[in-house]
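Sequences are here, hints too, so could you generate the full structure?
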Amino acid sequence: MSRNSSKSWWLAGPLILGLLLVSLGLGCLGRGYNYDEGQFVAAGALFAREGLLPYLDYPYFHLPNLVFVYAALFTTNDFLLLTARSFNIVCAWVLLLLIYRMVAAAFGAMGEKRWLIAAAVTLFFALQPIFRFTAGRAWNHDFAMLASVAAFACLLRAIEPDAGRRWMAASGVLLGLASGTRLTFLPLVAPFFLLALTLPGSVSARYRGALRLAAGFGVALLPTLALFAAAPAAFIFDNFTANGSLNISYRQATKPRPILLQKLLYPVQELKRPATLVLVAGFLVFACWQPLRRDWRAALRWPPLAATLVILPFALFGAVMPTPSYRQYYYLPLPFLLLGAVYGVARLYQAQPYHRRIFIGLGLALLISLGHFASNLRSFEELTSPERWAVFSLHRAGQELARHAGPGPVLTLEPLVPLEGGARIFPQFATGMFAWRIAPFATAGERQAHDFVGPEELPGLLQTTPPAAIFERTPQSALEEPLVRHARDNGYSEIILPEEAGFLLLPPP
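Residue numbers for the sequence shown follow the working numbering, beginning at 1 and rising by one.
Bear in mind the hints are in silico, worked out from the structure with no lab data behind them. From the three backbone atoms N, C-alpha and C, an ideal C-beta is built for every residue, glycine too. Check before you lean on any hint, since a few could be wrong.
[As the list claims (entries may be wrong)] Taking CB as the label site, the calculated pair distances span:
#1 Leu271 to Ala444: 52 to 60 Å
#2 Glu387 to Ala205: 13 to 21 Å
#3 Thr465 to Pro313: 22 to 30 Å
#4 Leu211 to Glu446: 38 to 46 Å
#5 Ala444 to Pro258: 25 to 33 Å
#6 Ser477 to Gly371: 33 to 41 Å
#7 Thr75 to Thr464: 29 to 37 Å
Right under this line is the structure:
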């Protein structure tokens, strides 16, 4: 290959990253609405429009950082789902850019070829089914994932001889942002501090680094700590009791099955997907088996590989924390599996050049991943028809809803649609169906103390604050039956909203 063509290999990165940005934008904005997105959008909208805070003013089952991020973004326009998804698309794409840079740095000894390897590895990660399923939705995964991987990159930079003090502090800030966004990222705190105290350097330097890490972490966690201080009982109840014993009681009452068995078997389901299996196999071979069969002590003295191996068990623990298990929860360990495999291969290359084997292996991995990706593509017409996208159709439905409902609060288990149109909702239903469905499993005292509304409290709430309308999605859920019964018993009229969004029930004049 000519010298000029070799030097042009760096162009593979911008080309792949540009295509991935377009792909993320079209794929994520064009996908259907997931009911889990509503609780995150609603919390941001309630703070932006009414100054209402989670735990203090309504139940909220997550840590609060994203509430403030979304609230700031929602002050710029009224397209809530579009704005929230766009933010997460940017987070997912910056994560890909960060992975690209970290892989290129790992293969720095390969000269210009490192750019081609980095582009191929980044594309392989972007084709992972878990990434494609999770990235870009209005959830709380993308921001936390970006912050945690960036924290890891800063941690590795902090232990380099010429690193300034700011890198360890930056790692702490990013780790705090991740932990304050999604509770399942909190287990990463333990390995980060362990690494800060054990990675290369003098004893005094390690302790100073750990203190900077702690300081940065504490600063980033201030919003969470402030809300905890303002409403400690509600904070603990919402994040632990509701997500723990109440959620388990609801699951056992509606879908009884062994919870532990479901958690253990769920990863096996993900391994049935070829691209995921290739990633896990690559980690086991290059990050685990190869170091063991060679000089494992020397391998573990290389900080990037050692740090990845220390972090991964805690990332896996974070993935299995929630009940029940879902695919998006396994987004957390995904980048660390990839980076572990990358550092393992890079370590092998340092011992002996494997140019041809590296490129052949990457080529095969991409072929397997592309085959699975092609079989799951949506139609071109769907991707290029923005008027049909949920981010626009639900906004139009929300505007129509608000036109009929007026200024009063709308009673619904689907808060996104009213909020898209600028209508108000009952704050007690900001989480949609989530607080409503577990409320019967809390005691009457717990429901009163933490502003939970269940079927027993609903009549009193509606008598005190009559709803301007009741909105129900199609198809109707059994959980909505008490709401529909109230409308039927009180002579509400029905309007079918456009975009097949659902039904609006209006009280008599």
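Cross-check of the supplied hints:
1. Leu271 to Ala444: 52 to 60 Å: For leucine 271 and alanine 444 the Cβ distance comes to about 45 Å; the hint is violated.
2. Glu387 to Ala205: 13 to 21 Å: violated, 58 Å
3. Thr465 to Pro313: 22 to 30 Å: 49 Å Cβ-Cβ, so the 22 to 30 Å window is violated.
4. Leu211 to Glu446: 38 to 46 Å: Roughly 40 Å apart at Cβ, these two residues keep to the hinted range, so it holds.
5. Ala444 to Pro258: 25 to 33 Å: holds, 30 Å
6. Ser477 to Gly371: 33 to 41 Å: holds, 37 Å
7. Thr75 to Thr464: 29 to 37 Å: At roughly 30 Å between Cβ atoms, threonine 464 and threonine 75 fall inside 29 to 37 Å, so the hint holds.
Going down the numbered hints, you'll see the structure goes against 1, 2 and 3, while the others check out.
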